[in-house]
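Chains as they are written, first to last, in numbering that gives the first Met the number 0: chain A, 0 to 256; chain B, 0 to 256.
Treat the hints with care, as some may be off.
When chains are identical, the list treats them as one kind, so a pair holds in a single copy or across two.
[What the hints assert, rightly or not] Each computed DMTMM-like pair below joins lysine to aspartate or glutamate, with the alpha-carbon atoms no more than 25 Å apart:
| hint | residue 1 | residue 2 |
| --- | --- | --- |
| 1 | K203 | E233 |
| 2 | K79 | E41 |
| 3 | K19 | E61 |
| 4 | K69 | E152 |
| 5 | K79 | D204 |
| 6 | K203 | E146 |
Hints were generated in silico from the structure; no laboratory data involved. Owing to the predicted nature of the structure, the values given are computational and were not obtained by experimental measurement.
2 protein chains.
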Amino acid sequence: MCQLLGMNGNVPTDICFSFKGFACRGGRTDHHSDGWGIAFFEGQGCRLFLDYLPSATSPIAELVQNYPIKSTNIIAHIRKATQGVTSLANTHPFQRELWGQYWIFAHNGDLKGLPPVSGEHYRPVGNTDSEHAFCLILEQLRQQFAEAPPLPELSRALAEIVRGIAAYGVFNMMLSNGEWLFAHCATKLHYLVRQAPFAVAQLKDEDLSVDFSALTSPDDRVAVIVTEPLTANEAWRAMQPGELLCFRDGLPQPVTV
Amino acid sequence: MCQLLGMNGNVPTDICFSFKGFACRGGRTDHHSDGWGIAFFEGQGCRLFLDYLPSATSPIAELVQNYPIKSTNIIAHIRKATQGVTSLANTHPFQRELWGQYWIFAHNGDLKGLPPVSGEHYRPVGNTDSEHAFCLILEQLRQQFAEAPPLPELSRALAEIVRGIAAYGVFNMMLSNGEWLFAHCATKLHYLVRQAPFAVAQLKDEDLSVDFSALTSPDDRVAVIVTEPLTANEAWRAMQPGELLCFRDGLPQPVTV
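Extracted from the complex, chain A is given alone in its bound form (with noise of 0.2 Å):
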């Protein structure tokens, strides 16, 4: 299986510590080194970073680790190959256009006996369970509504689609178009929501702590969202298989079909 990591938050904010962690996991702390891939969205524009190289030894990765891009929505994937072999189209996260929107997916899991996509609008370029289901959710959107819906009736969609992709195995994923982050828990997925007052972040992958108190402004509210919690000395919550929430400005609202 695979470890996903996403970060949306209500000011732009870079990932430097959490993908330090987070990197390590990709061949080092543990064994998801089958590729990795980081999208970072900032504007309406999309930087996705992929490599099949493991996260820990990537030099794409160190970039990443020390150049600080800043996001309000970031999802980032360390891959162990259960479908499909090693390579980059296989790679994620996956990124289409839909509604004059970049969307970005990542998934954790693994699903059988999928129903074929129509292709009418999106068709996988490579051949993992994953490219395979975001494609099935665009294509599924896109023919429900022409143009972007509000959140609330866009929410119920994905709902819908997202419970009829989990009925094939396990489904942990993330999904975002750089204005919200979706994120959907079939057996494991983390997250927490860092605001005032700030405090000092250890790592658990790594001997590394940060204080956000001198890195932030009171407003900042960034919420973390992850397979497995990053840091030792802060509150995870574990979210519930078949959950589902939507991410805005640092916040997790619940969403139900």
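Chain B: place on chain A using the hints.
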């Protein structure tokens, strides 16, 4: 105006040498400092690096110059904004999926009064004439062909679409799906094909030379396509206004309507 750089070869080749010279033009030896980007195809997959910092000073450009990513199709772009603000969403190259393939596009020039994109399948995210033109290309191809056609058929269709768009202004562009690279010259584009016997090449923009005979096999063949020649001691061929070439395995084929 901007500058374009493309590479197409019969073996995966890195572009470190050419990109070193090209990146200097983004703020050092020339004034194209409104961002830059580069896309590398590897198999069916594609990596796209984007930055709105000038390529001469961007940490990501430094990585790309020193990390030898081997690819058979590469497109790079340094931007001097004419339409659309400097932002990530307006940074070339642009990427979309068509027929289960990633397509990459970059443009140098200025287009005015383009017809709107129907948006049935593709919509621009940013507000450049370039991404608009890319969406027009994809939309028209998608409407003509439900599946990827053979290359000769695709070439004819593309030649017609490109001629249509070129009527709206200056349309130097490069387009690739990872198998081939199309280059269209409106005002300025040069290329050369490096093949045996390989020799020493000397950059124009930086004091750097490389002996390709030490780095290549006798069967290697690589075409480099660029706005302004990159080296001082090689025979670059200037493309003609209105000329469209399809590069495959390092060989250019003229395409006519």
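Structure-based check of each hint:
1. Proximity of K203 to E233 under the C-alpha cut-off of 25 Å is restricted to the intra-copy arrangement: shortest distance 11 Å within a copy versus 55 Å between copies.
2. For the homomeric pair K79 and E41, the shortest alpha-carbon distance between copies (20 Å) is at most 25 Å, but the shortest distance inside one copy (28 Å) is not.
3. In the homo-oligomer, the alpha carbons of K19 and E61 lie at most 25 Å apart both inside one protomer (9 Å) and across protomers (21 Å), since each shortest distance falls under that limit.
4. Proximity of K69 and E152 under a CA criterion of 25 Å is satisfied in neither setting, with 29 Å inside one chain copy and 44 Å between copies.
5. In this assembly of identical chains, the alpha carbons of K79 and D204 lie at most 25 Å apart only when taken from the same copy (18 Å versus 43 Å across copies).
6. In the homo-oligomer, the alpha carbons of K203 and E146 never lie at most 25 Å apart, since the shortest distance is 43 Å inside one protomer and 49 Å across protomers.
Of the numbered hints given earlier, the model fails hints 4, 6; all others are met.
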